[in-house]
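*Asks:* Sequence:
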Amino acid sequence: MNRKSLIAWGILAISLVLLMAVQPYAAGYGHFRRTILNELLMRWKDATWQHGALLPFIVGYLIWRRRSEVAQLPESSNRWGLALIVFALFLYFAGFRANNFYCGYLAIMTLLAGASLWFEGMPRSRTRLFAWLMLGFMWPLPFLEESIGYQMRLMMVKTSGFVLNAVGVDSLVSGTALQSMPNVEFGRKAGDLFSVGIAAPCSGMRSLFALLVVGALFSYFRQRVMWRRLALFSTILPIAIVANMVRILVLIFAAMIFGQQWAIGDAEREVSAFHEMTGIVVFLVALLLLQSVSWLLNRLCGGLGFRRSRIVSRQVVSSVT
1 MNRKSLIAWG ILAISLVLLM AVQPYAAGYG HFRRTILNEL LMRWKDATWQ HGALLPFIVG
61 YLIWRRRSEV AQLPESSNRW GLALIVFALF LYFAGFRANN FYCGYLAIMT LLAGASLWFE
121 GMPRSRTRLF AWLMLGFMWP LPFLEESIGY QMRLMMVKTS GFVLNAVGVD SLVSGTALQS
181 MPNVEFGRKA GDLFSVGIAA PCSGMRSLFA LLVVGALFSY FRQRVMWRRL ALFSTILPIA
241 IVANMVRILV LIFAAMIFGQ QWAIGDAERE VSAFHEMTGI VVFLVALLLL QSVSWLLNRL
301 CGGLGFRRSR IVSRQVVSSV T
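Here the sequence shown is numbered in the numbering used here, starting from 1 and rising by one per residue.
Derived by calculation from the structure, the hints in this document are not laboratory data. Quick caveat: nothing in here was measured; it's all calculated off a predicted structure. Take the hints with a grain of salt, since some may be wrong.
Now the in silico label distances, taken between C-beta atoms and shown as ranges [claimed, not checked]:
| no. | residue 1 | residue 2 | range |
| --- | --- | --- | --- |
| 1 | 32 | 89 | 18 to 26 Å |
| 2 | 50 | 154 | 22 to 30 Å |
| 3 | 11 | 230 | 29 to 37 Å |
Using N, Cα and C, we set each Cβ at its ideal position, and we do this for glycine too.
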């Protein structure tokens with residue numbers, strides 16, 4: 001990297017500090033404006049978005065690991081980058097006037113893309129595309145919790161109830177609650193065996209966003225062909241649903257064997273230690289399913305994606321000779 005590039009990237013770094021950490025940007029539902037950095041630090045304390053704190057380090061590693069490849073590419077300047085920078089500043093100002101953090105998030109992403117194009121050109125920017133996309137997971141989007149979370153809770157309850165009834169465990173679905181059916185013969189009332197209310201923290205939203213990050217990295221490193229990476233990544237949502245359903249079933253069967261208090265706890269006061277520990281089940285099941293889908297793709301398509309390139313190269317060599 002020459003002196004001109006160092007100065008350009010240094011100016012960008014100073015600009016980001018001013019835009020994100022110095023300039024008060026929006027108030028949200030508060031009484032005074034906060035900087036974008038303050039908003040991020042506050043949101044990252046929430047378990048749903050705490051993975052965002054790791055993304056700058058992950059993105060830094062992704063850029064660092066391809067540094068040798070980038071150094072071999074020609075360094076140029078693309079005028080579209082300047083256009084993106086101007087558009088990013090407009091977005092930033094619009095978000096400031098509208099008191100909207102989401103415009104600020106989009107502005108920072110656009111500014112980084114434009115700076116990369118303007119400073120180093122399209123070839124080098126293309127190698128950083130995945131790192132730039134990964135940076136998108138850094139920004140908290142709490143409006144998704146309400147719009148998607150409730151639907152996921154309903155899906156969790158319905159699918160879990162279907163599986164329980166299919167294996168002979170009579171269950172009753174009521175809204176976002178799932179409980180055992182009454183049994184007159186054994187003198188059981190509804191909910192005596194188990195009673196699970198799928199609250200917002202158990203809807204799968206917390207694990208979904210973290211699994212999106214894990215799934216994107218897993219797809220990128222485990223597959224070498226773009227369409228197969230996209231195919232593997234597209235399975236994250238159904239995998240997250242299945243993984244959370246497995247957790248609910250584990251809790252229900254544990255409640256049937258060891259009792260409601262031990263397995264689940266008192267939902268109105270405090271959940272049990274076993275309930276907390278089953279959170280790891282979601283990620284274990286999800287990683288197992290991701291690996292299974294990746295293995296299936298490799299079996300059906302042949303290897304990790306190098307086979308076709310080797311065949312093409314052999315054909316080129318043979319035609320030349």
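*Asks:* Could you run down the list of hints and mark each one as holding or not?
*Replies:* We went through each hint and held it up to the structure:
1. A hinted range of 18 to 26 Å holds for the C-beta pair residue 32 and residue 89, which are about 24 Å apart.
2. For residue 50 paired with residue 154, a C-beta distance near 25 Å keeps the hint of 22 to 30 Å intact.
3. Between residue 11 and residue 230 the beta carbons are some 35 Å apart, a value that agrees with the proposed interval 29 to 37 Å.
Violated hints are absent here; each numbered hint is respected by the structure.
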